[in-house]
Amino acid sequence: MSKAGIIRASAFFGILALLPLGVKPQWVINLLIFTLMYAALASSWNLIGGYAGYPSLGHAAFFGFGAYFIGIIFENSVGNGYNPFFILPLVGLCAAIISIPIGFIAMKTRKDVFAIVTITLLFMVQTLAYNWRGLTGGAQGKGVAVPPFDPATFGRPYYYVMLILLLTAMSISMYFRRSKIGLSLAAVRADEDKAHGVGIQVTTVKIIAFALSVAIAAMVGAVWGYYEGFIYPQFAVDPLITIGMVLMTFLGGRATLWGPVLGAFILVPAQQYFSYEFGATQFYLLAYAAIFLVIMLVLPRGILPTLTDRIRLKAKIVAEANK
Amino acid sequence: MSALLEVNGLTKKFGGITAVNNCSFEVEEGSITALIGPNGSGKTTAFNIMTGYLKADSGSMNFRGKKIEEPNPARLYRSGLSRTFQQARIFPEISVLENLIVASGYSWKALFGSRTTKADRAQAGEMLEEFKLSTLADFYASELSYGQRKLLEFASVLMSSPKLVLLDEPTAGVNPVMIETMERHIRERNEAGVTFLIVEHDMQLVMRLCNPVIVLDRGAMIARGTPVEVQNNPQVLDAYLGS
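In the order they appear, the protein sequences are chains A and B. Just so you know, the numbering used here puts 209 at position 209 of the first sequence, and the rest follows in order with no gaps. Just so you know, the numbering used here puts 1184 at position 184 of the second sequence, and the rest follows in order with no gaps.
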């Protein structure tokens, strides 16, 4: 990582770590938790959807898996405290293991077909969540005992765990960029058949990316489930969660380190604002769609790649002029 | 000289069309062998089968004296069989230097290592030097001209130190100077011990560069010999001009 990169990351995480100490209103903390949640989700989606170029629409299935994991284990115990946070690695590991055969089959298809296959997975898991009543409570949902955190700073533990998950997702993203996994994925994204023809272990790298990606999504879902306290199938396995992470990654820039984070920090507050403005109507979804259209028209590659290209072009012109 | 690659009774049908029909030939070690034939005679299909992109309906293939049971492009590449494509296929979103490194045939263990190690950069640097692409090392491959892309693709498949390189129309669509450059590189590499099998439509180049020449027609080999022999073979004339 370059020096500027280290300073940027330290400043970003330093400010975010101190923020809850200064900010008191609950609604702000709540908004921040959801912003961090989506930043972590978008960063995790970027691993497979950005770097590998496999646009998964099924990530909410794993998000819901994580939520139900916590919901089922900690249903009856009162005073769970921090315990659910400690089993997060286990949630991630289970999701990763489950994802290997799924990824192996789903990634036989490419691009749009892959998107359809994965969204089918989402609806399968949603149907399971509705109907496997013994396990999930069906449409009536599943409650998690509320932890005995101090009401004045209730959101803080969730906030910090989300922050750690975001840091984890970004660290993996960084690791991809700096290892041959990222180089191989870039080749897969550009031309998978050719990549296969120059000796790249395409299946291996795709599965690594998919498994790590959904592991983070599942852990984020677990924290979300614990924070909400009540897990309903329509919210835990919600296509809108998938759409959210995809949209944010597209807005900020696919296959970049900061793009998904930037996208989340723009869209989550915007979404909150729209849903506040338009009340209980679903108009904010129209606003969402409008944003997506504008991105596709004006910045098809997202904010960061467009900006860095412009800077690169300018530097080139300057270099040419100085010759 | 012994056969580096042996193809026996290869057949591939697409629906009712037999693209490759009981085709057998050998590529001798150290040679620059040409594979020519009219359009639709099965040259590219044969290439795709030999490199594991297509599964043959029947037939077998020996490479370096060993039977290849299930041809797989990645494994064949790492064991020394490289190919290029008719339309230069490079990775546009990564740099020229990285295009070379990504094709170096690294093992799965190297995946977890650094994106570009010192050794990678040194090896790729030498290759860039050889192909006079050094000044373009940090450009995105998408910024190259078509001829440069062809050159880059050729250079990149040499990164794994292959024994046999299959070139699919290496000079199609590039300017005459680039054709000469390509020819020179093929000769130099051949002298260094690399065997070539080339599909090419530029007959002058084939006559200058290749020996032997294998002629395919309707999916099967109809002639094999020196360029002069092939040129004077009535069957070959029939295939190209019709009788």
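No lab work stands behind these hints, which were simulated from the structure alone. It should be emphasised that the depicted structure is a prediction, and the values quoted were computed from it without experimental measurement. Some hints could be false.
Calculated lysine to any residue pairs in the SDA-like style (CA-CA distance at most 20 Å, straight line) [stated by the list, open to error]:
(1) K316/A x D1138/B
(2) K314/A x S1142/B
(3) K1109/B x R177/A
(4) K316/A x S1142/B
(5) K1055/B x S1161/B
(6) K316/A x K1118/B
(7) K314/A x E1093/B
(8) K316/A x P1227/B
(9) K314/A x L293/A
(10) K316/A x E1093/B
(11) K111/A x P1092/B
(12) K108/A x K1109/B
(13) K1118/B x K314/A
(14) K1109/B x K3/A
(15) K1163/B x L1209/B
(16) K316/A x S1145/B
(17) K3/A x T1116/B
(18) K108/A x R1075/B
(19) K1132/B x R1075/B
(20) K108/A x P1092/B
(21) K316/A x Y1140/B
(22) K1132/B x K1109/B
(23) K1055/B x S2/A
(24) K1118/B x Y175/A
(25) K1118/B x S179/A
(26) K316/A x S1114/B
(27) K314/A x D1138/B
(28) K316/A x K1109/B
(29) K108/A x S1114/B
(30) K316/A x L1144/B
(31) K3/A x R1115/B
(32) K1055/B x K314/A
(33) K314/A x E1143/B
(34) K1109/B x Y175/A
(35) K111/A x R1089/B
(36) K1118/B x S2/A
(37) K3/A x S1114/B
(38) K111/A x E1093/B
(39) K314/A x S1114/B
Quiz item: Given the proposed pairing of K316/A with S1142/B, does the C-alpha separation stay at or below 20 Å?
Solution: Holds, because 16 Å separates the two Cα atoms, which is no more than 20 Å.
Quiz prompt | Straight-line alpha-carbon gap K314/A to E1093/B, limit 20 Å | solution = holds, 19 Å
Quiz item: When you check the alpha-carbon spacing of K1055/B and S1161/B, does it fall within 20 Å?
Solution: violated, 25 Å
Quiz prompt | Hint consistency between K316/A and P1227/B [alpha-carbon to alpha-carbon, up to 20 Å] | solution = violated, 49 Å
Practice problem: For the pair supplied as a hint, K108/A and R1075/B, confirm whether the alpha-carbon distance does not exceed 20 Å. | Solution: holds, 18 Å
Quiz item: Is the Cα-Cα distance between K1109/B and R177/A 20 Å or less?
Solution: Status holds; Cα separation ~17 Å.
Exercise. Quickly compare the C-alpha distance for K1163/B and L1209/B to 20 Å and report which way the hint goes.
Key: holds, 18 Å
Quiz prompt | Pair hint K316/A and K1109/B, alpha-carbon separation not exceeding 20 Å | solution = violated, 37 Å
Quiz item: Regarding the pair K108/A and K1109/B, is the alpha-carbon distance no greater than 20 Å?
Solution: violated, 23 Å
Self-check item: Given pair status - D1138/B, K314/A, alpha carbons within 20 Å
Solution: holds, 16 Å
Practice problem: Sort out whether S1114/B lies within 20 Å of K108/A, counting only the CA atoms. | Solution: violated, 28 Å
Quiz item: Are the Cα positions of K3/A and R1115/B separated by 20 Å at most?
Solution: Satisfied, since the Cα-Cα distance of roughly 18 Å is no more than 20 Å.
Violated hints for the displayed structure, listed by number in ascending order: 5, 6, 8, 9, 12, 13, 14, 19, 20, 22, 23, 26, 28, 29, 32 and 39.
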